[in-house]
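Chains as they are written, first to last, in this note's numbering: chain C, 620 to 1094; chain V, 620 to 1094.
Hints were generated in silico from the structure; no laboratory data involved. It cannot be assumed that every hint is accurate.
Intra- or inter-copy, both count: the list cannot distinguish identical chains.
[What the hints assert, rightly or not] List time: in silico DSS-like cross-link candidates among lysine-lysine, alpha-carbon distance up to 27 Å: (1) 646 x 951; (2) 646 x 696; (3) 763 x 651; (4) 651 x 698; (5) 696 x 651; (6) 626 x 951.
None of these values were measured; they are calculated from a predicted model.
2 protein chains.
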Amino acid sequence: MAELPDKAERFIDWYLEAVEVAGLTDKRYPVKGMNVWTPYGFQARRLLDGVLIRGIEATGSQAVEFPTLIPRTEFQKEKQHVKGFDEQVYWVTRGGATELDVPLVLRPTSETAMYPIFAIWIRSHRDLPLNVYQIVNVFRYETKTTRPFLRIREIHFFEEHTCQLTDDAAAARCRSNLDTFHDIAEALALPYVASRRPEWDKFPGAFYSIALDLPVGGARTLQVGTIHHYRENFSRPYEIRYEDLSGALQYVHQTTFGLSERLLGATVAVHGDRRGVVFPSSIAPYQVVIVPIVSQNSGPIALDAARALATRLRARDLRVHVDDSPDRPGAKYYLWESRGVPLRIEIGPREAAAGTVTAVNRLGEKKSLGPGPLEEPIIQALADFDTALSARARATFQQSFSVAHRLEELANSTTVRLVAWCGAEACGHQIEQAIEGAVLGVPEGPLPIDPGPPPGCIACGKTVDSKWALAGRPL
Amino acid sequence: MAELPDKAERFIDWYLEAVEVAGLTDKRYPVKGMNVWTPYGFQARRLLDGVLIRGIEATGSQAVEFPTLIPRTEFQKEKQHVKGFDEQVYWVTRGGATELDVPLVLRPTSETAMYPIFAIWIRSHRDLPLNVYQIVNVFRYETKTTRPFLRIREIHFFEEHTCQLTDDAAAARCRSNLDTFHDIAEALALPYVASRRPEWDKFPGAFYSIALDLPVGGARTLQVGTIHHYRENFSRPYEIRYEDLSGALQYVHQTTFGLSERLLGATVAVHGDRRGVVFPSSIAPYQVVIVPIVSQNSGPIALDAARALATRLRARDLRVHVDDSPDRPGAKYYLWESRGVPLRIEIGPREAAAGTVTAVNRLGEKKSLGPGPLEEPIIQALADFDTALSARARATFQQSFSVAHRLEELANSTTVRLVAWCGAEACGHQIEQAIEGAVLGVPEGPLPIDPGPPPGCIACGKTVDSKWALAGRPL
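One chain only, chain C, in its complex shape:
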């Protein structure tokens, strides 16, 4: 029952062990970077999918599913896009013993699968907007070191694709996606910053890309999602056009919104501690684990009370587990803490007789509940836990940023940095070199901390167009 490595000092080691002890995935599958979703990990993923589905469907987006395999001919229609993905796609070249006439790509993302069909679906302005999404697995032939949930070869992926009448409508859809992500991040208690990526780092084929980044200690950042405005960059090669009111054919303006299982990795990375994973109650496979304390002489009173309480809590739609294994209570506490359960309820024989329980949340706060009905106090304890988890994450978030005024300050950064930047690519590359990382871009909306108005560009000193930008070291 050793503690995990120090999170601040050895982040990646800590992360890998936290995922391991929580039993969220099994990395022993015989293909590197393709992992097994265990029952426990799959539960968390299913709950996370539910958060995404409720969020996007509230905006009227509809679920679809397009095929996994894309013919090479379709895949290669948009030149920037294929250049961006060519090195990292898997190719299906044979069916049975037959060489395929047209090799098939395992989708790395679904623009090139969907857009030939959008071109058929969309005829008139009355067919717009088209807002559809799918949750599927995508595949990337990753050559870097793989990490569960963060960098893998089969990725559980959320992708919304929309077609709009105008450039403005597409920009509005991007803003709507930002609102949706705000709600999703809130449900996960994950503070983040949205930044417009520099030109050299946008999605292959995009007009602009807004990325959603989380600071995860030091200058490290984790990109958990993106929102892209494509303008007509795909609708032209795929000929997605509509007849406008005057009868003229117009190209649609497209957007996409992408999220992935990285959100689960981010939840581990942001909330976890020396004892393991910490789940917000929204996606905790078990929100409550009840541990009956059974002594040799006390008989089944504590176990009976535990089971009865579990039944009452399940009737209130809580996800509850009674740990009635023969292990010692201390071993159970350790197990369920490492697995991130928000609330542990301990019931001893004397408590069972008195109708009370001891509630210990995953942040270590302990209190006695009862006597009397326990459902409401437990639901309240879960809500209090979520509030406290969110406040802790928010406090850490605030401390994860600091201003840098000179390029030399960027070396050995121990936070993500705010730097004034004129927007020029040459200056951007100087910043990236100095921090040994990346310019994340100019934040959309409020800055994570308030550094006042921006001075001249940190690289060239020019004040014209100088804006606060973020620089960090993406994982």
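Please build the complex by placing chain V on the supplied structure of chain C, with the hints as guidance.
Frame of chain C, contents of chain V only:
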């Protein structure tokens, strides 16, 4: 608004058009047999998945997900199995520009993906039983003509895999799966027959296979699922062993239970009619469509009433759509009938003023509801529809079987046939030749019709071991 082809005379033409007019899938994707799940079709699929998930999780089975790609080395460990699938798998041979050292198979089913990991997970008798399932897409390089939901190349698939202590426990798991399927079929109002497949038609690698077949007109049958007992056929090559109470290593006994989107195809095939698809309310994307009848002088009263009613029905967890498009009511009736909506509610201005509505179910039964609260009467009308749909399917099912006493009777069969069979393979092949189809096997449990005790084998005349078996023409 022409009627569909005659279902009895031109079944396949009818089926293809019924799927088409309902808009459940789009076949125009540029890879044959890989279709697009439209928003409407995806909803039905999601609801169907929900029926399967609730059914299997009620037995304690847990959801997992294994990778899509399987290394050739693992794929080839069980000899019968690889022989059964070798001709119909897709091969991934390249990642980016790199030829893979070990080619990867796109799973046609997941035995060979899961079992190397089961061998790690299972150590002791305390780890058993292991009951896990996944709902994923599988891939088969189908060379025959493809049909939406029935024979395709990317298949939405449900597969439970279990490991048991003993042969008996595995047989008991197969029986539990039969019970689960009973509940699933009931939810879909689909009468079926379960048969133990003949030796020459069992799953590659199985000890025995029980298949779930539906009669779909004439002598045609549709296999919608299978339950397999593997004994130690896979646990030996994959070395899945447990330590028993005495400390000795034993091989686990395995079972699987497979279902697929064919269940959606079966729902179309069994319930559909000249006007299109008919959904049972369990998986109907919309259970109720409300059509306000708006005349030029009546103002918004009918539309307001329709929307208010929709809100009240949604609060009762019904899936409701208000069709407020500018189309004429007749066009709307036609549309939603072809799409299989169980209940249509019409509201005219006079009805809106009186607080009444006209309810027409998909079987053509019409009645006036109200005045007064409409939620309960509508919920009751849906339940009545499901009962009537089930009774109609059951009646058709009973008429789909007849006894044959001589091989010559099997030619031109217009029903699925019950034949007495001694169990010998040579006799089985004679039956198959005579009916130009297949011996489905000996039913598990009661026969679909009661023909009394079996006479001598229809082929060889022997009475020893003669049992009623089913013969038909699988789609």
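How the hints compare with the structure:
1. 646 x 951: within (24 Å within a copy, 53 Å between copies)
2. 646 x 696: between (36 Å within a copy, 21 Å between copies)
3. 763 x 651: The answer is within: 11 Å in one copy meets 27 Å, while 35 Å across copies does not.
4. 651 x 698: between (30 Å within a copy, 25 Å between copies)
5. 696 x 651: between (30 Å within a copy, 20 Å between copies)
6. 626 x 951: within (23 Å within a copy, 61 Å between copies)
Checked against the numbered hints listed earlier, the structure breaks none of them; every hint is satisfied.
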